[in-house]
Amino acid sequence: MNVTQLAEQLRRDHMFMKDVTRWEVLPAREARTAPFPACMDGRLKPALEARGIHELYIHQVKSLEATARGEDVTVVTPTASGKTMCYNLPVLSAILENEDARALYLFPTKALSADQVSELYDMIEEMGVDIKTYTYDGDTPAAARKAVRQAGHIVVTNPDMLHSGILPHHTKWVKLFENLKYVVIDEIHTYRGVFGSNLANVLRRLLRLCEFYGSHPQFILCSATIANPGELAETLIGRPVTLIDENGAPMGEKHFVFYNPPVVNRQLGIRQGSIPITRSISGMLLKNGIQAITFARSRLTVEVLTKYLKDLVRDPLGNAGRVRGYRGGYLPGERREIERGLRAGQVDAVVSTNALELGIDIGALDACVLCGYPGTIASAWQQAGRAGRRQGTSIVFFIASSAAIDQYIVNHPDYLLHKSPENALLNPDNLYILLSHFKCAAFELPFARGDAFGNAPGTEELLAYLSEQGILHEAEGKYHWSAEDFPASEISLRSAASENFIIIDITDPARHRVVGEMDRFTAPMLLHENAIYMHEGRQFQVEKLDFDACKAYIRSVDVGYYTDADLNISLSLLDVEKEEPFARTAVAALGEIKVTALVTMFKKIRFDTHETLGFGHVRLPETDMHTTAMWWTLPDSLAERMAGDRLKNGMMGIANLLRIVCPLYLMCAPQDVAVVYQVRSPITDKPTILIYDNTPGGIGLSHKAFSMKELLLEKALQVAEDCGCEYGCPSCVGPVGEIGEDGKRTAIRLLKELLK
Amino acid sequence: MNLMDRIRAVGGTGNSRPSAPREVSTDCRHFAVYREAGEFPGAWDLTAETLRMMSSREIPEPLDPRKILYLDTETTGLGGSGTVAFLVGMGYLTDNGFEVHQFLMRDYPEEPFLLKHVAAGLEKFDVLCTFNGTTFDVPLLESRFLMNRMDRGCLNLPHLDLLHMCRRLWKLRLGRCNLGRLEEVILGKPRVDDLPGSEVPQRYFTYLKTKRMELLEDILKHNAQDIASLCVLLNHMADLYLHPEKIRFSEDVYSMGRALEKTDHPEQARHCYRLARRGRMGSAAGTALAMSYRRSGEKDAAAEIWREMVRERKGGAVPYIELAKYEEHTRRNIAAALEWTEKALMLVSEPALREDAAVQETKNGLQYRRQRLLRKKAEGAVIHGDSDSDEGQQGHEDPEKRRERAGSAEAL
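Going down the list, the sequences are from chains A and B. Take the first sequence: its letters are residues 0 to 755, numbered as in numbering that gives the first Met the number 0. Take the second sequence: its letters are residues 0 to 411, numbered as in numbering that gives the first Met the number 0.
Derived by calculation from the structure, the hints in this document are not laboratory data. Note that the Cβ used here is the ideal one computed from N, Cα and C, for glycine as well. Certain hints may be false.
Cross-link-like lysine-lysine pairs, in silico, DSS-like; alpha carbons within 27 Å at most [to be verified]:
| id | chain 1 | residue 1 | chain 2 | residue 2 |
| --- | --- | --- | --- | --- |
| 1 | A | 171 | B | 208 |
| 2 | B | 376 | B | 298 |
| 3 | A | 714 | A | 577 |
| 4 | A | 647 | A | 751 |
| 5 | B | 261 | B | 298 |
| 6 | B | 362 | B | 313 |
| 7 | B | 313 | B | 66 |
| 8 | A | 477 | B | 210 |
| 9 | A | 755 | A | 647 |
| 10 | A | 714 | A | 647 |
| 11 | A | 603 | A | 543 |
| 12 | A | 145 | B | 261 |
| 13 | B | 210 | B | 115 |
| 14 | B | 66 | A | 477 |
| 15 | B | 188 | A | 174 |
| 16 | A | 171 | A | 477 |
| 17 | A | 685 | A | 577 |
| 18 | B | 115 | A | 477 |
Looking from chain A toward chain B, a few residues come up when the C-beta cut is under 10 Å (computed) [to be verified]:
| id | residue |
| --- | --- |
| 19 | 167 |
| 20 | 169 |
| 21 | 173 |
| 22 | 430 |
| 23 | 441 |
| 24 | 442 |
| 25 | 443 |
| 26 | 456 |
| 27 | 463 |
| 28 | 468 |
| 29 | 469 |
| 30 | 475 |
| 31 | 480 |
| 32 | 481 |
| 33 | 486 |
| 34 | 574 |
Pulled from the structure, derived: some chain B residues nowhere near chain A, Cβ distances all over 10 Å [what the hints assert, rightly or not]:
| id | residue |
| --- | --- |
| 35 | 5 |
| 36 | 95 |
| 37 | 192 |
Same shape as in the complex, but just chain B:
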């Protein structure tokens, strides 16, 4: 066997295909798509202030909504330096509509030209908006710039990644948040005849071999639609942030509260929690609301919420424990603290409750608290040292406090 035959024997033969005649490239293909302003309600009124509620990114002030670049790539694979973005679409608002410009490489030698267009495009904008761009599109383009020995600096724009922003709002209710699902459920516009993303690479490889342009039409359409959806989605979200009372689902408005806390908007967050208290997320929203008050030092307001929760029988043992802490440390009312502790203990000792590690931990914490309160009561003391406070506890740290700390670490 000669070497070629041996390689064939080892590697197998299956999908060999004839290759097409080659084109000589001078630049890459450029397509432009225009869409009506009516498709993008509110998009021209978007402000930096609103974006700052939605994302913790640095947003330039004042914001010109026409300076946001919506970008999406179509690629030959899922990553690694052998994956190429063969189509890059960039959309933006103009004075009277929305324009999408798509750059397609008809063969690999056109890649540097495509990248030059992308770099030139990025130069003109202040903010970048993508869907999952932080983990996919941007690193991929960085990698392509690098492989072509081009400067990657143009990618350093403030970046709004809608995937993360959408997850914060809708993950609780929807679970997976891909763009197709959001278009269908959130925007109410399911796509028809859309090319599944998984088929994109193979379509392109077939195109490379045959150079039949019609193979790429679906991809171009799909890409342009994705980009327009980014703009619609961003502005739909902005509208909800400005008017949370429009939100119909308790989960969503509660999630928005959490998101607003992360972007450091406690007032707006509390507004969302209050809205969410009537629905399915009542307990969680009440707890979050009270915690938010407690963090900002408004302990009486927090206690009021806890008391309401006790009346509404929401939140399990948490409101009792929190009230016990409040009575002990803020009000210095040992007898009341003891009463709340006893009630909490009764609640967690209900036989119907499953005895898992978390319950056990809560129980231990309560027992410890009860012992301490009994001791204080016996001493008749109202003055106590720091070592006795909740903060001083080493062995039996209050689980709520630990969770809270973990939560704040997450926000950082």
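Isolated chain A (complex conformation):
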């Protein structure tokens, strides 16, 4: 059965359709093209024509024209719109015209770079010219590195390698820096938050070195659809860009099905889980031979779903290679193999985290299932874009979980279908991040008094501080690095923690093998002792977690449950930046706090029924994070008027409402902000509701929340009042079982009081 037939069959199925809240058909779109522009080098034409390309899409033409005018450009295009041409054509043109010209390509992941390079190779081979393209990353053999440094016209790498492998050793890259004509950065929408703030600083360092070597590179940036691609690009590179956002590529018809699992307990407002529904929809696609990708939100869900789907197609020997799991933490070789399998059609179903959201080439799939809302509109479209490329019908299922944000989306599909996607926020001037990169910059090239660091503020203070610390040594107006450390090794661009945990399978005592890795913040949650760690649907039990050595030892097991850890958070105040009266009696404030996270226990949850089987203790050290926060402090008089648990329940209700509202109005992913309530806060000594940036140093969400402090509460009140439930449900203040019978009423009363 093909996709069109399947869609028709489902639409006639009343049992299915009763839970579908919207069936949107996005019509096919025609291609819009223009002839090769004059600024494109003539030698490219035959190479393009040999590949059957006689005209370019309009966005490709505009990119060529703008770069020829010397502008920095940002191209916004959805998946599979020929965006690589937007940078390959100008870059190849430039190198054909001047063989000394160099280009640097940055991709967020290694997998992506491998992919794009093979496309570039094809073009170069077709032209029969001597343009050398090399990938430079952790996998580049030491023997090949010299050639890359000397002779590579196009050096393909990732921000991490640029940060720690290239910039600190710039004197070995003289040819590149002296002749750098283009810097290409793909998938810039992934550079949000900490990663983006880090990249912006890496680019400040890059441009500083280019200036030393006398080159002035232009930027070509590519982004998926987000609300503010131009702003993001300008923040990243610190200068204005030309935005190209007209997409000329064609697209096949696409069905977008919003499915809300049926309510199974009307009193408690409990719905059937999204995992079993996803299991049956993905299973149906698998049985009908429709190649599909299923996106799940957590690594754990990926593993659970992979196991379910594998069980459907297992052969008598227990092999189920047609179904694969894919997520961060799998080793690169295994991931490449899965990607190849998808392209070659040997893999029929893949279950993935957002790791496959990026432009990794896995070919055109027919269908996509989103198990839960991925958190942002941009992500949802990226994931949905995995199904259906230029022609042919494709289908996307969105399966809502009982999480409030999912319920909001499934009941207001227009929010996803028509609202502009989120802003990508980043803050290059986050002091933690800025200071780290400023050190790297000082190591790379001494600062002279009065030198700027891109458009970063406070250069003078940073120099004074580092001199005071003896890290820089000032002599005759120049600040020289005078410490033994290699500052680039002290920061990891992707998270605040630099070390990863490695996961070692000790099932076979004679052959220990590394099966994966995990970052320091996630490890306590998933790799604590006795946790069930799942890898490609296989279960392992964590035997030992060596926290200091960053190693987890696991052994293969076969049990009927998985584990889920509880995270305990405590907060302490570092500094108050602003404090002002709010409404008549409350106070609103903005400041810096320390968040201490501790995993203390875990639950064992049975497969299939998802019931809790038991608990276990976890003994691990705490992890600290400094970040920015904003909070509302309620007057003590309120607390006195509310007996027993009433205040606590009401505050919990407000916190739950803010968790729904914040991502929508702060335009961020739910995991980027945290909402916490404290009946007696150690910070204010009063009942307090806090919102904080869930990244070290903060990326500006708390500041934004502070400026919207009335609006956020108004919207929270509106969600509570608009909700049809009587005593609370997961879509507003939370389920009755959690907040008590008076929780919803109290929350509304408190909000009204606060907004008076």
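Mind docking chain B on chain A? Use the hints.
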């Protein structure tokens, strides 16, 4: 909080120190050390010919040993463009002794002056000699010249990196070959009161802040000693290359044979292998000797060695296999080839032998060879096509041949 306080809060405060009054620099400091000729036995007799046995670098002819510059740097870190060579020592033989000239920058503004002295020094010499200079000192100096926008051409001298040369000779026996260990074990002169290299950067940073010259005395001493050791070590090695019979360790003389093969001195290499055959490295030396003969086409000489090894029960199955090849392809004696093959098979099938992948591969190769020989025997053929020879084998390539090829690739 003002910005300065916020930076302090984020970055932490710990090691802030007062800074010293600044000196105005006109040039960098220069120290000279003189040493007696007696410390450097044989150094004035070193020839290009001897160096060519030790290294595959282009050595100018004729070589004046006084035109070799021994260089060592002391640095502020382990690399990257923020690492600076604050002290560069350069030593050379004179007519009647050894001179070391050290250039020290008392503060960063003196770096260009230091580099100018280094460039001027390098200009006067034909060969550069360092310890680990190819990966450390030279790239670091290149980087410093570049950062100061100075010409790096002076560094393009023929370069003898003693680390690599020493590793070839002594790694097999000693494992790690750092200069301190070589001085102790090879030259028999352990250092006393030496400043550990890891403490050098911190000493210098403290000096920068306090300008107390005595902090650097240990570093200057250490650097001068390193440079003198380079010269002693090079000439000690040269002596051993000229008189391998002086070498007491089978491992070392075998290693020298391997090194000589790499520099394309097969005759001298065989001499070393012969010397090594009596010791612990007997099997390896015998194998290497026979292989060396085989490569130069002296197949009978190689076979003689293999036969000796069989008699001495050295080298495991290798001599049997090699003799089988020799009988089959060179002597065209299928019956003898078959006999050697059968014996080799018996040897690798010994139950005491651990069954790993390499053994399995050898076994498969032998089985294949045996089948082929049996077939040839049955055909009674003495004439055979190329496709049947060892060279024609695709699926079951002789592991020995593969190893050999890998070895020659390494030498390239």
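List in ascending order the numbers of the hints, as given earlier, that are violated by the structure. 1, 7, 14, 15, 35
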